[in-house]
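Q: Given next are the chains, with one letter for each unit.
Number of protein chains: 2
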Amino acid sequence: MIVRNFHDLKDTDRAVSDAQWTSVRMLLADDKMGFSFHITTLKAGSEHTFEYKNHFESVYCISGKGSITDLGTNETHEITPGVMYALNLHDRHILRSEEELVMACCFNPPVTGAEVHREDGSYAAPEDLESA
Amino acid sequence: MIVRNFHDLKDTDRAVSDAQWTSVRMLLADDKMGFSFHITTLKAGSEHTFEYKNHFESVYCISGKGSITDLGTNETHEITPGVMYALNLHDRHILRSEEELVMACCFNPPVTGAEVHREDGSYAAPEDLESA
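As you go down the protein sequences, you meet chains E and Z in turn.
Heads up: the first sequence runs through residues 1 to 132, numbered per UniProt numbering.
Heads up: the second sequence runs through residues 1 to 132, numbered per UniProt numbering.
Just chain E, same shape as in the assembly (with noise of 0.2 Å):
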């Protein structure tokens, strides 16, 4: 069994940040849950473009408030504690912050940790990893 606690990841390598958001680890791939797990926190005010080619993410809204742009049907979503969105086509979207989000994320493939987002918003698909 594997225990850990965001509060005392969240000041450690496991979290991974830009300006505008961070993101804990909870679990990646090497604990070969066949996914991963983080606890993200995005920035009051903030937007985001991201493009997940090569992963499927669900996002669980656990506090704060803001909105989703599909940008293949540009459909608009508000998000509030209890609203989850599924990137099941692997969406490119819009996030947008209004008050700080916290959101619980998985990812499948699981991420590893070494990923950084391109310039497209998008992860590299885990076997581009291996070989870079």
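Hints may contain errors.
If chains are identical, the list can't say which one is meant, so a pair holds when it fits in one copy or spans any two.
The calculated DSS-like cross-link candidates involving lysine-lysine, where the alpha carbons are at most 25 Å apart (straight line), are [what the hints assert, rightly or not]:
1. 53 with 32
2. 32 with 65
3. 65 with 43
4. 10 with 43
5. 43 with 32
6. 32 with 10
7. 53 with 10
8. 65 with 10
Keep in mind the hints are simulated off the structure, nothing from the lab.
We have chain E already, so just place chain Z on it with the hints.
A: Chain Z alone, transformed into the frame defined by chain E:
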């Protein structure tokens, strides 16, 4: 993109209950994400013995207070908001809720929605469900 709201689903057949817990299935196998994602609420004062022999499960505490005992090692861990446990060894365990626990749960393989807890605290493997 799939968008669902816990508060809409909790009064539908996506909420599975017994006397002591309710699990709202935000994502199931037929969403084809490769995992399922549930928000599970455990009543204050309840105790549960589970052993997911056929699944990996991670559980993140959103709110509440309780503990988990690993029946393999007899270690007990406190559960408070921010604590995650992951049953990477299909660990048989007792989960106790002192105050109502709200937990974000990921299952791999994904739960289909047709499973029931068997006497041993497990869910059937997907292939056994199909042939049932």
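Q: Each hint should be assessed against the structure and marked as holding or not.
A: Now for the hints, and whether the structure bears them out:
1. 53 with 32: both (22 Å within a copy, 15 Å between copies)
2. 32 with 65: neither (32 Å within a copy, 27 Å between copies)
3. 65 with 43: Within one copy, since 11 Å is at most 25 Å while 28 Å is not.
4. 10 with 43: Classified as within; 15 Å inside a copy, 29 Å across copies.
5. 43 with 32: neither (30 Å within a copy, 30 Å between copies)
6. 32 with 10: within (21 Å within a copy, 31 Å between copies)
7. 53 with 10: So residue 53 and residue 10 fail the 25 Å test inside a copy (27 Å) and across (31 Å) alike.
8. 65 with 10: Classified as both: same-chain Cα gap 21 Å, cross-chain 21 Å, threshold 25 Å.
Violation of the numbered hints given earlier is confined to hints 2, 5, 7; the remaining hints are satisfied by the structure.
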